[in-house]
Amino acid sequence: MSTLHTVNKSPFATQALLSCLNHCKDGDAVLMIEDGVYGGLAGTGLTDIVAQKGKTVALFVLAPDLTARGIDGSRLISNVEGVDYAGFVDLVAKHDRTQAWL
Amino acid sequence: MSEEKKFLYVNRRAPYGTIYALESLEVVLIGAAFEQDVSLAFLDDGVFQLTKGQDTNGIGVKNFSPTFRALGDYEVTKLFVEAESLAERGLTKDDLQEIMYEDEDDDWAEKPSIHIVSRAEMADIMADQDVVLSF
Chain A
1 MSTLHTVNKS PFATQALLSC LNHCKDGDAV LMIEDGVYGG LAGTGLTDIV AQKGKTVALF
61 VLAPDLTARG IDGSRLISNV EGVDYAGFVD LVAKHDRTQA WL
Chain B
1001 MSEEKKFLYV NRRAPYGTIY ALESLEVVLI GAAFEQDVSL AFLDDGVFQL TKGQDTNGIG
1061 VKNFSPTFRA LGDYEVTKLF VEAESLAERG LTKDDLQEIM YEDEDDDWAE KPSIHIVSRA
1121 EMADIMADQD VVLSF
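Protein sequence lines correspond, in order, to chains A and B. Take 1 as the starting number for the first sequence in my numbering and just add one per residue. Take 1001 as the starting number for the second sequence in my numbering and just add one per residue.
Check each hint, because a few of them may be wrong.
[Stated by the list, open to error] Below, computed lysine to aspartate or glutamate pairings styled on EDC-like, alpha-carbon distance capped at 16 angstroms:
| no. | chain 1 | residue 1 | chain 2 | residue 2 |
| --- | --- | --- | --- | --- |
| 1 | A | K25 | B | D1124 |
| 2 | B | K1005 | A | D90 |
| 3 | B | K1006 | B | D1128 |
| 4 | B | K1006 | B | E1035 |
| 5 | B | K1078 | B | E1102 |
| 6 | A | K25 | B | E1121 |
| 7 | B | K1006 | A | D96 |
| 8 | A | K25 | B | D1128 |
| 9 | B | K1111 | B | D1073 |
[Claimed, not checked] Chain B stretches covered by chain A per the calculated footprint, using a threshold of three residues with CB under 8 angstroms from any CB of chain A:
| no. | segment |
| --- | --- |
| 10 | 1072-1080 |
| 11 | 1109-1123 |
[Stated by the list, open to error] Going by beta-carbon spacing under 8 angstroms, a handful of chain B positions derived as facing chain A:
| no. | residue |
| --- | --- |
| 12 | R1012 |
| 13 | D1044 |
| 14 | L1086 |
Keep in mind the hints are simulated off the structure, nothing from the lab. Every residue, glycine too, gets a C-beta built ideally from N, C-alpha and C.
So here's chain A without its partners, still in its complex pose:
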C-alpha cells in the first residue's frame, strides 16, 4: 500500500512540501505540480532536505509546469524526475490513494 502525494505550493511560500515530506512513508511518491515544482530545484536552501527524502520516496515534478516557469530540467535535483500529464495519470493509478498538500 502506498500513497501519491501532490504538492502545489512553492516551498518558499508555505510549509506544504515540508509537511508532506514529514508525513510520507517509504515507498510513497511525491509529485510537485504548479508552484510546487520549485521544490525540485537543486542549489536552494531546501535541496538537501528534499534530496535526502528522495532516497526513500520517489520524487517527481510535472514537466509542463517546470517548462512554463522557464526552469530547465537540468536544474532539478538529481533524484527528481520529470513527468508529463500521462505520467501523472500513471502515478495516480500506481498508488492506492492520492493525498493533496495544498
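With the hints as your guide, set chain B onto chain A.
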C-alpha cells in the same frame, strides 16, 4: 456502493484567515450522511481551529468552533491532533476545547473525540485511509 470506506479530512489551515477550515467542516457534516468511517486530522496551522474561547464578534464572521462539538451526533468521533504541530505553536492539549461523544457501544458513556498523536502516528493514520480529502 454499500461498502464502507475510510475517509480522512486533513485540516492544515487556521480558522478565519481563509475559508478552508469552515468549508472542511461543512463537507464533513455533509459527508456524515453517507455513513462512512470518518476521521479528521488537524496538523500544522489546522490545530488553531480547535482552540477554546474563540470569539468572532469583533471580526464579523461566524464562530464555527462550537460546531465541532456537534460532530459526535453525526458519528464523527475521531479527531486526531498532531502533538508536534501544537508544540511548534506554543499550544498544549489544555488550549483546545473539549469535544465529547456518547459511545453507543458502551452504554452511551461520554468519551473524548480528540486524540493527540505524534507526527509518526499521523503518518500511519494517513496511510491507512481509502480516501484523503485535504483542506
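Taking the hints in turn, this is what the structure says about them:
no.	hint	in the structure
1	A:K25 - B:D1124	holds (8 angstroms)
2	B:K1005 - A:D90	violated (23 angstroms)
3	B:K1006 - B:D1128	holds (8 angstroms)
4	B:K1006 - B:E1035	holds (10 angstroms)
5	B:K1078 - B:E1102	holds (12 angstroms)
6	A:K25 - B:E1121	holds (11 angstroms)
7	B:K1006 - A:D96	holds (13 angstroms)
8	A:K25 - B:D1128	holds (11 angstroms)
9	B:K1111 - B:D1073	holds (13 angstroms)
10	1072-1080	violated (count 0)
11	1109-1123	holds (count 3)
12	R1012	holds (7 angstroms)
13	D1044	holds (5 angstroms)
14	L1086	violated (14 angstroms)
The earlier numbered hints that this structure contradicts are 2, 10, 14.
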